[in-house]
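As a plain string of letters, each chain reads:
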Amino acid sequence: MRPRMHRSRPLSLLALLCGSLPAALLPGCAATGPGRAAEQAAGPLPATRVIAPFEVYKGSGETYAYPFLGGFNMPRPQLLDIDADGDQDLFVQERPNAIMFFERNNAAEGPAWTWRADKYEALDVGEWYRFADLDGDGDFDLLAEQPYSHMRYYKNVGTAREARFAEAADTLRDAAGAPVFSDRQNIPNVTDIDCDGLPDLFIGRIDGTVMRYEATETEPVPVFEVVTENFEDIRIVAQFGQPGMPAPAALPNIPGDNEMFMNDGPSPGGDLFADGAQIRPDRLHGANTMTFADIDGDEDQDLFWGDFFEPGLLYIENTGACARPRLRATPVPFPVNDPLQSSGYNAPSFGDLDADGDMDLLAGVLGGAFNPNKTAQSNLYMYEQRGDKQFTLRTTRFLDQIDVGSESYPVLVDLDADGDEDLLVANKISAEGGRAATMTYFENADGAYRPGEAPAFFPAYHYAPAFGDLDGDGDLDLLLGTWNDGIAWYRNEGAPAAPNFVLQQRGFIRLTRGSHATPTLVDIDGDNDLDLFAGETSGTINFYRNAGTATAPVFEFVSDNYADIDVGRRSVPVFVDADGDGDADLIVGSEQEGLLLFRNEGSRTTPRFGEREQLPYETPQAAVPAFGDPDGDGRLELVLGGYSGGLLYFDGP
Amino acid sequence: MRRNFNQRVLKKAVLLCALGGLLTAASAPRAAGQTHGDAVFTRDVLPVIQEIFLPLLTEDTGLDASSWEALMRGSDQGEVVIPFDPDRSLLIERGVAAGVDPHALALARTWIERGAQNDDGQVPYSDGGPFLYVCNQGSAVLSVIDMEANVVVRTVDLRDFGFSENAKPHHVAVTPDGAFWFVSLIGEHAILKFNRNNELIGQAPFEAPGMLAFDPVLERLYAGRSMSAVNPPQRIGIIEPDSMAVEEIDVFHPRPHALNVTPDGKHVFSASLGVNQIAVLDAESLDIELVSVPGMHHSLVQFAIAPGGQSMIVGGHMSGDVLLIDLAEPMQPKVTRALPLGGGPWHPSFLPGGDRVVFPAKMANAVAILDAADGSQIATISGPGVAEPHGSATRPDGRYIYVSSNNLNAAFTPRYQETTPEGNETPNKTRNGSVAVIDANTFDIVKVIEVEQYPTGIGAQRDVMTAP
Numbered sequence: 127m128r129p130r131m132h133r134s135r136p137l138s139l140l141a142l143l144c145g146s147l148p149a150a151l152l153p154g155c156a157a158t159g160p161g162r163a164a165e166q167a168a169g170p171l172p173a174t175r176v177i178a179p180f181e182v183y184k185g186s187g188e189t190y191a192y193p194f195l196g197g198f199n200m201p202r203p204q205l206l207d208i209d210a211d212g213d214q215d216l217f218v219q220e221r222p223n224a225i226m227f228f229e230r231n232n233a234a235e236g237p238a239w240t241w242r243a244d245k246y247e248a249l250d251v252g253e254w255y256r257f258a259d260l261d262g263d264g265d266f267d268l269l270a271e272q273p274y275s276h277m278r279y280y281k282n283v284g285t286a287r288e289a290r291f292a293e294a295a296d297t298l299r300d301a302a303g304a305p306v307f308s309d310r311q312n313i314p315n316v317t318d319i320d321c322d323g324l325p326d327l328f329i330g331r332i333d334g335t336v337m338r339y340e341a342t343e344t345e346p347v348p349v350f351e352v353v354t355e356n357f358e359d360i361r362i363v364a365q366f367g368q369p370g371m372p373a374p375a376a377l378p379n380i381p382g383d384n385e386m387f388m389n390d391g392p393s394p395g396g397d398l399f400a401d402g403a404q405i406r407p408d409r410l411h412g413a414n415t416m417t418f419a420d421i422d423g424d425e426d427q428d429l430f431w432g433d434f435f436e437p438g439l440l441y442i443e444n445t446g447a448c449a450r451p452r453l454r455a456t457p458v459p460f461p462v463n464d465p466l467q468s469s470g471y472n473a474p475s476f477g478d479l480d481a482d483g484d485m486d487l488l489a490g491v492l493g494g495a496f497n498p499n500k501t502a503q504s505n506l507y508m509y510e511q512r513g514d515k516q517f518t519l520r521t522t523r524f525l526d527q528i529d530v531g532s533e534s535y536p537v538l539v540d541l542d543a544d545g546d547e548d549l550l551v552a553n554k555i556s557a558e559g560g561r562a563a564t565m566t567y568f569e570n571a572d573g574a575y576r577p578g579e580a581p582a583f584f585p586a587y588h589y590a591p592a593f594g595d596l597d598g599d600g601d602l603d604l605l606l607g608t609w610n611d612g613i614a615w616y617r618n619e620g621a622p623a624a625p626n627f628v629l630q631q632r633g634f635i636r637l638t639r640g641s642h643a644t645p646t647l648v649d650i651d652g653d654n655d656l657d658l659f660a661g662e663t664s665g666t667i668n669f670y671r672n673a674g675t676a677t678a679p680v681f682e683f684v685s686d687n688y689a690d691i692d693v694g695r696r697s698v699p700v701f702v703d704a705d706g707d708g709d710a711d712l713i714v715g716s717e718q719e720g721l722l723l724f725r726n727e728g729s730r731t732t733p734r735f736g737e738r739e740q741l742p743y744e745t746p747q748a749a750v751p752a753f754g755d756p757d758g759d760g761r762l763e764l765v766l767g768g769y770s771g772g773l774l775y776f777d778g779p
Numbered sequence: 005m006r007r008n009f010n011q012r013v014l015k016k017a018v019l020l021c022a023l024g025g026l027l028t029a030a031s032a033p034r035a036a037g038q039t040h041g042d043a044v045f046t047r048d049v050l051p052v053i054q055e056i057f058l059p060l061l062t063e064d065t066g067l068d069a070s071s072w073e074a075l076m077r078g079s080d081q082g083e084v085v086i087p088f089d090p091d092r093s094l095l096i097e098r099g100v101a102a103g104v105d106p107h108a109l110a111l112a113r114t115w116i117e118r119g120a121q122n123d124d125g126q127v128p129y130s131d132g133g134p135f136l137y138v139c140n141q142g143s144a145v146l147s148v149i150d151m152e153a154n155v156v157v158r159t160v161d162l163r164d165f166g167f168s169e170n171a172k173p174h175h176v177a178v179t180p181d182g183a184f185w186f187v188s189l190i191g192e193h194a195i196l197k198f199n200r201n202n203e204l205i206g207q208a209p210f211e212a213p214g215m216l217a218f219d220p221v222l223e224r225l226y227a228g229r230s231m232s233a234v235n236p237p238q239r240i241g242i243i244e245p246d247s248m249a250v251e252e253i254d255v256f257h258p259r260p261h262a263l264n265v266t267p268d269g270k271h272v273f274s275a276s277l278g279v280n281q282i283a284v285l286d287a288e289s290l291d292i293e294l295v296s297v298p299g300m301h302h303s304l305v306q307f308a309i310a311p312g313g314q315s316m317i318v319g320g321h322m323s324g325d326v327l328l329i330d331l332a333e334p335m336q337p338k339v340t341r342a343l344p345l346g347g348g349p350w351h352p353s354f355l356p357g358g359d360r361v362v363f364p365a366k367m368a369n370a371v372a373i374l375d376a377a378d379g380s381q382i383a384t385i386s387g388p389g390v391a392e393p394h395g396s397a398t399r400p401d402g403r404y405i406y407v408s409s410n411n412l413n414a415a416f417t418p419r420y421q422e423t424t425p426e427g428n429e430t431p432n433k434t435r436n437g438s439v440a441v442i443d444a445n446t447f448d449i450v451k452v453i454e455v456e457q458y459p460t461g462i463g464a465q466r467d468v469m470t471a472p
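One line per chain: the protein sequences are A and B, in this order.
Each number in my numbering corresponds to the 1-based position in the first sequence with 126 added.
Each number in my numbering corresponds to the 1-based position in the second sequence with 4 added.
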């Protein structure tokens, strides 16, 4: 254990911009940086989730259609017409226990999906969900995981046009009365495989086999009976690029980024067991997903399988007939003419995405054994089926949005000193090199955000920047939190409009223990200098009082359990005057607890923080709040980062 | 011959009459102090076993039922009685399958339920050990093997402690002295603590637990993650064994599976199934370093660390490669050699001398013995009972190597088969896993111990037992 008392080295310069602001506006300084935005930041907390509050441009010059959707790391899509209006709506599960809903609208310029909910109908779904008409009444019911590894059944008690779900069984049981079990990482599916009007339930198992149940009753809840533990003798054992399996070069027309994911082929030295021993290529320890679709238009259901140890999507053609399914063909990579390749564990869904009358493919990449970091940004693949029945990859970022990979960390700051707030977003790790975090910068230019060049910092994981004028020279300096290298100190040796951040000291502040240092600067005691707070992995708050001056701060360790605040894990403190009483209230992001407000019940000079109040936001895991006024309307807005690598935006009231 | 036959018939008739009387009394309303336990082993139970049950054990050789001690040693193939667990005792299984006299069955069952005691009330193997703990992931049961006798001497049925049939015990860690053992339940998202008497004395909730490692220096239990979630936390657990309080530490990579701790307790290693990366945790400061691992996608399964802590070894599920890693600078482990072993290298272990490594090769139905210095292959072991080998461990004195086998593909056939109502034999679905006992000097398989369904991780105490 390190000594509990820490002193940073003194800083030398004199002025402190935030310290010169009116006292009542000071809290906003820490949240937004100095300048005009600070004056406008304090106020009632924002409440309305907005996906596209203003234009945000991509590097290509186009705008994001869904800039503040929140990011995807492991999207599990399903296309279906939930409102019986003749087009296919979209559901996506990104995080546990919630499914996002996008309603389809067919406009003149083509189909579009409008975000409607982050947690559709407030349904708890565990690790997976499947909509299907289980009771044969013409509307979609819902199967979902009942943690752990059992099945919950929601019956649609509304109508085909207006779905309304009621939990009918918290644990689905088979005909023998035993709970139906499916390892929660293996996502099952439902279809009527033999066209007898009764739903069949399929569960993929870790040994690559498929278990089939068929419903014997559907009211009041489905009762499934085991038909076979080894459906069609399917055993998913193929895995391309492995010893004994086809080399990558043998695959046809693999997309250009194939090299990212494929193995180098069999080990050059071979296999010491190859002679004299029977090699079984079975994949164990796996996780899988599957879906059924009549992709070849022969009116029977074909099978599509994604697996943790499979970079592609496997297709097993149903060569039988509707009433007599036969799925004994060798699995082949799909699309056959242009096989999908990713980091593995691909979750497929089929539907007519482009309204041309045929089925297209939408596949979420959950990330398997082929470096999921590389698909942290691009993980919702859309393949269009063309008129010639061939498939073409249209995008790997369907529902395109700001997505910096994993664990986004936004900061609203006027980085170019032009009087408006720019947006800087850090992440956990680069999707490219995987050696360090990256920063993404969007410059606010006349109300639209355009990509710019982000400042560069020393390599570390999980940047967490906090800006403030630490040396009193009128520009913004920087404290940079990192995953396990403490907090670094960068002095701005450029100009306010053209910052040049120069590293002064790595490990400038080291937490007493733990990682994920998330600093924020605020004058908490009204002495006109910036004090330092930092969150950390354990969920507590570290407080370093500035025992120096506004121009030569000395951050003196006070507590690593400030105000006995503990938000569970991954605390990210920010200060904002949430109640308009002129002092700094504390809002803390957390891993699982959402955003928590601690009102300052003391004063500007003697803060005293009250009991935690849960703020009513549907937050992502590892929530990182940034308050400010990015749209310049004078009201307080919230930009929220999180586990999925994107951003959420909440507009002021 | 005829005379012998008549004698046997007469003897059996007398036995059954006596048995009937005993059991009639036993099943009648009991007076105070009168129970099934009143049966005396040598007088009441042994004759029944000898006459009725022994002839049913047609596939066992070397079984001596002349005395309690001999019976408890089992046959060349393994135990026939598991104290306290009649349902998993071969004696009862065969008796049920053969439809033996219900009174005889009840007598034997009761005797086993009460611990299979001898005439003096001694429970077999109550002072035994060292013990090997075998997770039967498909059965919610752990088998406890006495490594001196090489027989299953106890079972721990997790359902008896309120867990489900899908509890899925996955891996086990044992304190060096054998006083406590821990097991991860991937179906229950929990880690349990048992004492040497197999009493549950603690538990901790833990999402998708996987591999376990116990550090006797700082007295901590470390826990990694299994596959049992779409997105398990990218953290390992540090568990304080007295309170079972959990602290979780980020290791930054998806699906941190491989896990082990150096013998001095100073460094913990975690590796990912999804990324070629090792995380090193300084156990005291909790600082972490990430180290990239070269090569194709490995999916690193499990580490073994040399007894001296100077090196470790790990296998890649997908690559088939075995990586030799130098730990001269533990926070910067260096891959010194990558060997294309193939065959799905799974849970390795070092022999006590530190010069040799045991590597089960799951997809090759074989076990490799490697030279720890250069990775050269010293022996390849295959044969009965090595069927999708998974876990490995060594008896503390180094005499025997133990390798568990999943046998999900029925490559190994247990010595008795279940019978369908039509009389056809079918693969035994409830008791078809195995633990191969391998001579650590000759590398011969000297015994195959049948256990329950889908055996996975195994663990044994490290210290050689000393006489009390």
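Simulated from the structure, these hints should not be mistaken for laboratory data.
The structure presented is a predicted model; accordingly, all values stated were derived computationally and were not measured.
From the three backbone atoms N, C-alpha and C, an ideal C-beta is built for every residue, glycine too.
Among the hints, a few may not be true.
Among the chain B residues that face chain A by a calculated CB cut under 8 angstroms, a handful are [what the hints assert, rightly or not]:
#1 S232
#2 M248
#3 V250
Where chain A lies over chain B, by a calculated footprint (3+ residues, C-beta under 8 angstroms) [stated by the list, open to error]:
#4 58 to 64
#5 187 to 198
#6 276 to 286
#7 291 to 302
A partial selection of chain A residues facing chain B, derived with a Cβ cut-off under 10 angstroms [as the list claims (entries may be wrong)]:
#8 R310
#9 I555
#10 P622
We went through each hint and held it up to the structure:
For S232(B), the shortest C-beta to C-beta distance to chain A is roughly 6 angstroms, which falls under 8 angstroms, so the interface hint holds. Because the smallest distance between the Cβ of M248(B) and any Cβ of chain A comes to about 18 angstroms, over 8 angstroms, the interface hint for this residue is violated. Taking 8 angstroms as the C-beta contact cut-off toward chain A, the hint placing V250(B) at the interface is violated, the least distance being around 12 angstroms. Counting residues of the stretch 58 to 64 of chain B whose beta-carbon sits less than 8 angstroms from any beta-carbon of chain A gives 0, not enough to reach three: the coverage restraint is violated.
For the stretch 187 to 198 of chain B, the proposed coverage by chain A is satisfied: 3 residues have a C-beta within less than 8 angstroms of a C-beta in that chain, meeting the threshold of three. Given a C-beta distance limit of less than 8 angstroms, the hint that chain A covers the stretch 276 to 286 of chain B holds, as 4 residues qualify and 3 suffice. Judged by the Cβ-Cβ criterion of 8 angstroms, the stretch 291 to 302 of chain B is covered by chain A as claimed, because 8 of its residues qualify and three suffice. Taken as an interface hint, R310(A) checks out: its beta carbon lies about 6 angstroms from the nearest beta carbon of chain B, inside 10 angstroms.
The interface hint given for I555(A) is met, as the beta carbon of that residue sits about 7 angstroms from the closest beta carbon of chain B, less than 10 angstroms. Taking 10 angstroms as the C-beta cut-off, the interface hint given for P622(A) is violated, the closest approach to chain B being about 36 angstroms.
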